[in-house]
Amino acid sequence: MEKVLYKIVVEGKVQGVWFRKYTFNEAIRLGLKGFVRNEINNTVYIEAEGNLVTLNEFVKWLYKGSPLSKVSTVTFEKSTLKHYKSFEIRS
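In the working numbering, the protein residues as written are 1 to 91.
Be aware that a few hints might be false.
Restricting the straight-line Cα-Cα distance to at most 25 Å, the calculated cross-link-like pairs of lysine-lysine (BS3-like) are [stated by the list, open to error]:
#1 K70 - K13
#2 K3 - K85
#3 K60 - K70
#4 K21 - K64
#5 K7 - K60
#6 K3 - K78
#7 K78 - K60
#8 K85 - K21
#9 K82 - K13
#10 K33 - K7
#11 K85 - K7
#12 K78 - K7
#13 K60 - K85
#14 K21 - K60
#15 K13 - K85
#16 K33 - K82
#17 K13 - K64
#18 K60 - K33
#19 K70 - K3
#20 K60 - K13
What follows is a set of in silico ranges between Cβ atoms, one per label pair, in the way DEER data are often shown [what the hints assert, rightly or not]:
#21 M1 - N41: 31 to 37 Å
#22 N42 - M1: 31 to 37 Å
#23 P67 - K3: 29 to 35 Å
#24 K3 - W61: 17 to 23 Å
#25 S72 - R37: 17 to 23 Å
#26 E77 - M1: 28 to 34 Å
#27 K13 - I89: 16 to 22 Å
#28 Q15 - E77: 19 to 25 Å
#29 K70 - E2: 30 to 36 Å
#30 L68 - K3: 27 to 33 Å
#31 N42 - K3: 29 to 35 Å
#32 M1 - S91: 29 to 35 Å
#33 G31 - K78: 17 to 23 Å
#34 S86 - E39: 20 to 26 Å
Derived by calculation from the structure, the hints in this document are not laboratory data. Keep in mind it's a predicted model, so treat the numbers as computed, not measured. Cβ coordinates follow ideal geometry from the N, Cα and C atoms, glycine included.
Produce the entire structure from the sequences given, and follow the hints as far as they go.
Set out below in structure tokens:
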């Protein structure tokens, strides 16, 4: 199955609520590669590589997020593969 890269921005109450850790765990569970990081504008930015079906499942999960998060918007776009070797939390 073809691999793609999604660049994702998550808005809402997503910082200070363990969102990156839960996102990391879900990405690992789904076998995705890439990273998640907090942005200065209080959003969370994610680059995730995987097959289209898995990435769409991941995006759907992002609306739920961590137990304390309140996600208002998830936007994403396809981009050029970067061939990440793992998934990590960046600061």
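How the hints compare with the structure:
With a C-alpha separation of about 5 Å, the suggested pair K70 and K13 falls inside the 25 Å cut-off, and the hint holds. Proposed proximity of K3 and K85 is supported: the alpha carbons are some 13 Å apart, at most 25 Å. With a C-alpha separation of about 14 Å, the suggested pair K60 and K70 falls inside the 25 Å cut-off, and the hint holds. A hinted pair counts as satisfied when its Cα atoms are at most 25 Å apart, and K21 with K64 qualifies at roughly 13 Å.
Straight-line distance between C-alpha atoms of K7 and K60 comes to about 14 Å, which keeps the hinted pair within the 25 Å bound. For the proposed pair K3 and K78, the alpha carbon gap of about 11 Å is at most 25 Å, so the pair holds. A hinted pair counts as satisfied when its Cα atoms are at most 25 Å apart, and K78 with K60 qualifies at roughly 16 Å. With a C-alpha separation of about 18 Å, the suggested pairing of K85 with K21 holds against the 25 Å cut-off.
At most 25 Å may separate the alpha-carbon atoms for a hinted pair to count; K82 and K13 exceed this at roughly 29 Å. A hinted pair counts as satisfied when its Cα atoms are at most 25 Å apart, and K33 with K7 qualifies at roughly 12 Å. Distance restraint check for K85 and K7: the Cα-Cα separation of roughly 16 Å lies within the 25 Å cut-off, and the hinted pair is therefore satisfied. Distance restraint check for K78 and K7: the Cα-Cα separation of roughly 6 Å lies within the 25 Å cut-off, and the hinted pair is therefore satisfied.
A C-alpha spacing of about 23 Å is found between K60 and K85, which places the hinted pair at or below 25 Å, so the restraint holds. Of the supplied pair hints, the one linking K21 and K60 holds, its CA atoms being roughly 17 Å apart against a limit of 25 Å. Between K13 and K85, the direct Cα distance comes to roughly 29 Å. Violation of the 25 Å bound is thereby established for this hinted pair. For the suggested pair K33 and K82, the alpha carbons sit about 10 Å apart, so the restraint of at most 25 Å is met.
Distance restraint check for K13 and K64: the Cα-Cα separation of roughly 11 Å lies within the 25 Å cut-off, and the hinted pair is therefore satisfied. For the suggested pair K60 and K33, the alpha carbons sit about 17 Å apart, so the restraint of at most 25 Å is met. Proposed proximity of K70 and K3 is contradicted: the alpha carbons are some 29 Å apart, above 25 Å. Pair hint K60 plus K13 holds up; C-alpha atoms about 17 Å apart against a cutoff of 25 Å.
At about 34 Å, the beta-carbon gap between M1 and N41 stays in the expected band of 31 to 37 Å. Separated by about 35 Å at the C-beta atoms, N42 and M1 satisfy the suggested range of 31 to 37 Å. In this structure, P67 and K3 meet the distance hint of 29 to 35 Å, their C-beta atoms being roughly 30 Å apart. The hint said 17 to 23 Å for the Cβ distance between K3 and W61, and at roughly 19 Å that hint holds.
Evaluation of the 17 to 23 Å hint for S72 and R37 yields a pass: the beta carbon distance comes to about 19 Å. In this structure the hint that E77 and M1 lie 28 to 34 Å apart at CB is violated, the actual value being about 20 Å. Look at K13 against I89: about 18 Å separates their beta carbons, and that is inside 16 to 22 Å. A hinted range of 19 to 25 Å holds for the C-beta pair Q15 and E77, which are about 22 Å apart.
Between K70 and E2 the beta carbon distance is about 34 Å. The supplied range of 30 to 36 Å therefore holds. In this structure the supplied range 27 to 33 Å holds for L68 paired with K3, their Cβ-Cβ distance being about 32 Å. Taken as a hint, the range 29 to 35 Å holds for the pair N42 and K3, whose Cβ atoms sit roughly 30 Å apart. At roughly 32 Å, the beta-carbon separation of M1 and S91 lies within the given 29 to 35 Å, and the hint holds.
The supplied range of 17 to 23 Å is met by G31 and K78, whose beta-carbon atoms lie about 18 Å from each other. Take S86 and E39: their Cβ atoms lie about 21 Å apart, and the range 20 to 26 Å holds.
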